[in-house]
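Number of protein chains: 2
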Amino acid sequence: MPSLQPGQLLARGVVRHLASLGMVCIEEFTPERGKRVDVMAMGPKGEIWVVECKSSRADFMADGKWQGYLEWCDRYFWAVDEAFPTDLLPEGTGLIIGDAYDAEVLRMAPEEKLAAARRKAVTRRFATHAARRLMAARDPGVQTEVG
Amino acid sequence: MPSLQPGQLLARGVVRHLASLGMVCIEEFTPERGKRVDVMAMGPKGEIWVVECKSSRADFMADGKWQGYLEWCDRYFWAVDEAFPTDLLPEGTGLIIGDAYDAEVLRMAPEEKLAAARRKAVTRRFATHAARRLMAARDPGVQTEVG
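Read top to bottom, the protein sequences are chains A and B.
Quick note on UniProt numbering: the first sequence kicks off at 1 and runs consecutively.
Quick note on UniProt numbering: the second sequence kicks off at 1 and runs consecutively.
Okay, chain A solo, but in the shape it has when bound (with noise of 0.2 Å):
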């Protein structure tokens, strides 16, 4: 396994819990151009929750994006691990406490339900990402634009 950024090894537990609970993730997802989210995830009901990792403050601080990922969500979550201080985090936002192995949500997220043409938009290209990147992981000689 390529050695992962502190980010990802939180994500790493994270996705391990969220499949714990039913729900399926996408790592890195694009749900438009020149926005990327840490952890997408799909819920058996076509829920769906996004997970920003931060690894520490300074990680956290950089973060100028977070309120154009809300629009793409019905929940949306920070994961961070236990020495981070939670008293920086936004009101109105979900917390994981996390690490490499696992997770747990301490505060779930309040719900903001996706339209209904939004919810599909974002289905279908949760859909297209998961299905190209397992396509190129099982057929080195298959064509795909992974995006």
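Think of the hints as simulated: they come from the structure by calculation, not from any bench.
Keep in mind that this is a model prediction, so the values were computed, not measured.
Be aware that one or more of the hints could be misleading.
All copies of an identical chain are treated as equivalent in the list; a pair is satisfied when it fits inside any one copy or across any two copies.
Result set (DSSO-like, lysine-lysine): computed pairs, CA atoms no more than 30 Å apart in a straight line [claimed, not checked]: (1) Lys45 - Lys35; (2) Lys120 - Lys35; (3) Lys45 - Lys113; (4) Lys65 - Lys113; (5) Lys65 - Lys35; (6) Lys65 - Lys45.
Starting from the known structure of chain A, fit chain B onto it as the hints suggest.
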């Protein structure tokens, strides 16, 4: 790579061709319990194709389930190799000729558009399957039921 059956090799060529058309594919997709299609493909506009891959006349004759797949797609295709007696294939279906490396659509399948609710369900299931398999491939430590 584990050694693939003739039908799986054909599926690989089909997937490569569909990818070149901008579609994404999942092999051995289960639209509902008891049904498993060889290739489920999704196009850029969300269109859903099913492709059943038949490596021989006997393989085709043994298939008593294919009509049950029509309700899961907008277009239904058979994929066979060049030696296959294509006169056997039922009317009103599409035809793809291929091998393990590539394929070509010889006859476009007629379109029978999925109802909106069914398309939504299939798209979500497609997303879930692709993401689950991708998660399992990326991280052996993740617990998912691969469906």
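Enumerated hints in conflict with the structure, sorted upward: none
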